[in-house]
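S.K.: Each protein sequence line maps, in turn, to chains A and B.
So for the first sequence, the working numbering puts the first residue at 1; every next one is plus one.
So for the second sequence, the working numbering puts the first residue at 1; every next one is plus one.
Treat the hints as calculated values from the structure; they're not laboratory data.
There could be a bad hint or two in this list.
[Unchecked claim] In silico lysine-lysine, DSS-like type, Cα no more than 25 Å apart, as pairs:
# : chain 1 : residue 1 : chain 2 : residue 2
1 : A       : Lys371    : B       : Lys360
2 : B       : Lys360    : A       : Lys372
3 : B       : Lys360    : A       : Lys336
4 : A       : Lys363    : B       : Lys288
5 : B       : Lys136    : A       : Lys363
6 : B       : Lys194    : A       : Lys363
7 : A       : Lys247    : B       : Lys360
All values reported here derive from a predicted model rather than from experimental measurement.
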Amino acid sequence: MFGWELPPFNSGGLGTACYGLTQALSQQNIDITFVLPQRVGVKADFMKLVFADLEGFEWPPEITPYDTLKMLPPGIPPDMARDLLSAVNMYARRAAAIAKKHKFDLVHSHDWLCFPAGVVASRVSREPLVTHVHATELDRSGGNGVNTTVFGIEKNGMHHSSAVIAVSSFTKNLLKTYYQVNSDKINVVHNGINADEFDISLDEQNPLETLKQAGFKIVLFLGRLTLQKGPDYFLKAAKRTLEYYPKAVFLIVGSGDMEGQLVNEAVNLGISDRVLFAGFLRGKMLTQAFKAADLFVMPSVSEPFGLTALESVAAGTPAIISKQSGVSETMSHVLKVDFWDVEEMANQIIAVLNFSSLHVALKDNGKHEVKKVSWQAAAAKTIEIYKKVLAKIG
Amino acid sequence: MPAICLYFQVHQPYRIKKYRVFDVGHSHDYFESPPGDRLNNRDVLTKVARKSYLPANQLFLELLNKYPQLKISYSFSGVLLDQLTEYSPETLESFQELVKTGRVEILSETYYHSLAFIFSKDEFDRQVKLHSQKIKTLFHQVPKVFRNTELIYRNDLATEIEKLGYTGILAEGADHVLGWRSPNFLYHPVGCQKLKLMLKNYRLSDDIAFRFSTVGWSEYPLTAPKFAQWVSAINGSGDVVNLFMDYETFGEHQWEDTGIFNFLRHLPGELLRHPDNYFVTPSQAVNKLPALAELDFPHFVSWADVERDISAWLGNPIQNDASQKLYELESAVLATKDQKLISDWRRLQTSDHFYYMCTKWFADGDVHKYFNPYNSPYEAFISFMNVIQDLKLRLEALTSKSRSKK
Numbered sequence: 001m002f003g004w005e006l007p008p009f010n011s012g013g014l015g016t017a018c019y020g021l022t023q024a025l026s027q028q029n030i031d032i033t034f035v036l037p038q039r040v041g042v043k044a045d046f047m048k049l050v051f052a053d054l055e056g057f058e059w060p061p062e063i064t065p066y067d068t069l070k071m072l073p074p075g076i077p078p079d080m081a082r083d084l085l086s087a088v089n090m091y092a093r094r095a096a097a098i099a100k101k102h103k104f105d106l107v108h109s110h111d112w113l114c115f116p117a118g119v120v121a122s123r124v125s126r127e128p129l130v131t132h133v134h135a136t137e138l139d140r141s142g143g144n145g146v147n148t149t150v151f152g153i154e155k156n157g158m159h160h161s162s163a164v165i166a167v168s169s170f171t172k173n174l175l176k177t178y179y180q181v182n183s184d185k186i187n188v189v190h191n192g193i194n195a196d197e198f199d200i201s202l203d204e205q206n207p208l209e210t211l212k213q214a215g216f217k218i219v220l221f222l223g224r225l226t227l228q229k230g231p232d233y234f235l236k237a238a239k240r241t242l243e244y245y246p247k248a249v250f251l252i253v254g255s256g257d258m259e260g261q262l263v264n265e266a267v268n269l270g271i272s273d274r275v276l277f278a279g280f281l282r283g284k285m286l287t288q289a290f291k292a293a294d295l296f297v298m299p300s301v302s303e304p305f306g307l308t309a310l311e312s313v314a315a316g317t318p319a320i321i322s323k324q325s326g327v328s329e330t331m332s333h334v335l336k337v338d339f340w341d342v343e344e345m346a347n348q349i350i351a352v353l354n355f356s357s358l359h360v361a362l363k364d365n366g367k368h369e370v371k372k373v374s375w376q377a378a379a380a381k382t383i384e385i386y387k388k389v390l391a392k393i394g
Numbered sequence: 001m002p003a004i005c006l007y008f009q010v011h012q013p014y015r016i017k018k019y020r021v022f023d024v025g026h027s028h029d030y031f032e033s034p035p036g037d038r039l040n041n042r043d044v045l046t047k048v049a050r051k052s053y054l055p056a057n058q059l060f061l062e063l064l065n066k067y068p069q070l071k072i073s074y075s076f077s078g079v080l081l082d083q084l085t086e087y088s089p090e091t092l093e094s095f096q097e098l099v100k101t102g103r104v105e106i107l108s109e110t111y112y113h114s115l116a117f118i119f120s121k122d123e124f125d126r127q128v129k130l131h132s133q134k135i136k137t138l139f140h141q142v143p144k145v146f147r148n149t150e151l152i153y154r155n156d157l158a159t160e161i162e163k164l165g166y167t168g169i170l171a172e173g174a175d176h177v178l179g180w181r182s183p184n185f186l187y188h189p190v191g192c193q194k195l196k197l198m199l200k201n202y203r204l205s206d207d208i209a210f211r212f213s214t215v216g217w218s219e220y221p222l223t224a225p226k227f228a229q230w231v232s233a234i235n236g237s238g239d240v241v242n243l244f245m246d247y248e249t250f251g252e253h254q255w256e257d258t259g260i261f262n263f264l265r266h267l268p269g270e271l272l273r274h275p276d277n278y279f280v281t282p283s284q285a286v287n288k289l290p291a292l293a294e295l296d297f298p299h300f301v302s303w304a305d306v307e308r309d310i311s312a313w314l315g316n317p318i319q320n321d322a323s324q325k326l327y328e329l330e331s332a333v334l335a336t337k338d339q340k341l342i343s344d345w346r347r348l349q350t351s352d353h354f355y356y357m358c359t360k361w362f363a364d365g366d367v368h369k370y371f372n373p374y375n376s377p378y379e380a381f382i383s384f385m386n387v388i389q390d391l392k393l394r395l396e397a398l399t400s401k402s403r404s405k406k
């Protein structure tokens, strides 16, 4: 299995999803060799880890799976990855040797970063390829400036696959419409969550406690600050909410290229004293942010899945989620809104803050429901797809 | 010699439009969704009238003319009659025509198809009286038999209804109350002197209302001769078979292409083939048949869901909150004597609003989802509560005006 990152060395949902899925797969007796592009101190003793060791390549923090192509500063030796694209190509070249060295029945490759590696490994080993789409170039670009090279890599990867896994019907439709992938080949496997990990108690030392004590309600945005995630809609809804519910604070967790723009926007809207920018959080700080918030809002413009919504609900914080998201296919006990409908978003935010009975109902029913959206269920579905692919070859 | 008693519930609520917090203080027409919207009451009513009420009425008129022995009964909610008057007068006329045959009885209920009995006996009494006046005006009948919203029933409802002068009352023939006893007899409610209790035979009723078009059902397809045979088989072990169901069963819940109207067309003839079978209206049953024994309903029972309790309307935190916030306004709203405000407050009492907030099995997409015009129970709650905020503002304005006058 070819991945790009695993927690704690992840920059977002891709690493989390790979970890959750492989853990559940191995519990269901699938023997996994997991390949990562570079050597990191990941702890995942349920599978064999292999590193492609892209030498001398210092992983700069700005190279994430989400910023499609970012140039590095000049002066990098020629045998090193200059940018994300050359790293992806180098990863694919290393995949040939790795495929010869290890034994496996099937290659499973996650997102475009690993598709070339998957295609190479499949060709060398003559074993079938399954590509797993967590996000497409269309989602990442938010409709603006699709990178045609990346789009081509995605299309080529899926073309060489015996089966394609999409994380939602939302994504499946996208693959059908824009990538012309045969519908029969695409299988929807929703992501899951280990809900218990988020069922923690709130640390009284949490930095938001003072605000909460003062009677402020906290509305949380958590995600990369990019067009795709819709943080600008969050700010507009915040402005509208504050006109009717002044005792609220809007917490923005995450980093990204829109950060400066959002700070300015908060100032222009005249709500900068009610918007807090917390930067990128992980681990305990992250779960504490979920836990401390009264409400989580995910206004994504285009969201293949949206694991954060499950994490929030599992932590006991009700969620308002964009209808343009895969996770909305898995959860009923959340509020749903079109990302562009700022009025309705504010209407829902104000209702949850105003009516404690609504908060309680969403919290209790959501916590119960999210338990069913498990990685075990995702793994079981994935194994069915493996069987189908191998039977066809057999 | 089982008698057959047919009762059909005819009701449509005034659905609340999408009402946002920003509408509070600005918009007071809570029940006026734009045309084409799923919540538009005129659209829904005219659709149901076209698919169900009008063809079913036409058919019953033919059947009443063809079979002089046939008798039927209806319960109309006041809010349905108001909507017919406004949106579909021809449907109202066709009901009036049926009543003119003299073989159609109209039952009593709360005008607003409300849960008032659970929250306020005074308001309940007022709504029962309002309803009775409406029936008298439109149909020249004074109802003598009562049925509560969604067949919600408990011992103290029966005693209240006896006090109001009724001779009979309807309830669900729920297994957990009946035990080994049969729904096919009349019973004597606990604490009453004369009032008689009629129980819905839910198996036979639901065979038509719910299972008629269920292809996987072992008895599918259900035919009139087969159904008449089941009813006749009760001969000797029951006095009356009470077939109670929503009138929308014909043409709306069971679409025309399921063959439901054809089934109905042949049913009276098939039932009457057995010489011991005969039709009664609820008051005829109550006057003619004896009450077999006392039946104790210490807890609320209804005709909804497998639980047959009131958890479809009340029970989760949002339903409890919304109903409490509504009923705590009672004395203040009534004190204003403002007819528009009182009418709006009462339309909000219609049980459907609370049914739409039901979160039981919401995720499984069952019958609750089918009957819910809102995207989710939570959206239904949000619009309802925003309306309550606006109602409160109007109430405050009226109250302070009358105070300043003094």
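S.K.: What hint numbers does the structure not satisfy?
M.R.: The structure conflicts with hints 4, 5, 6 and 7, although it agrees with all the remaining ones.
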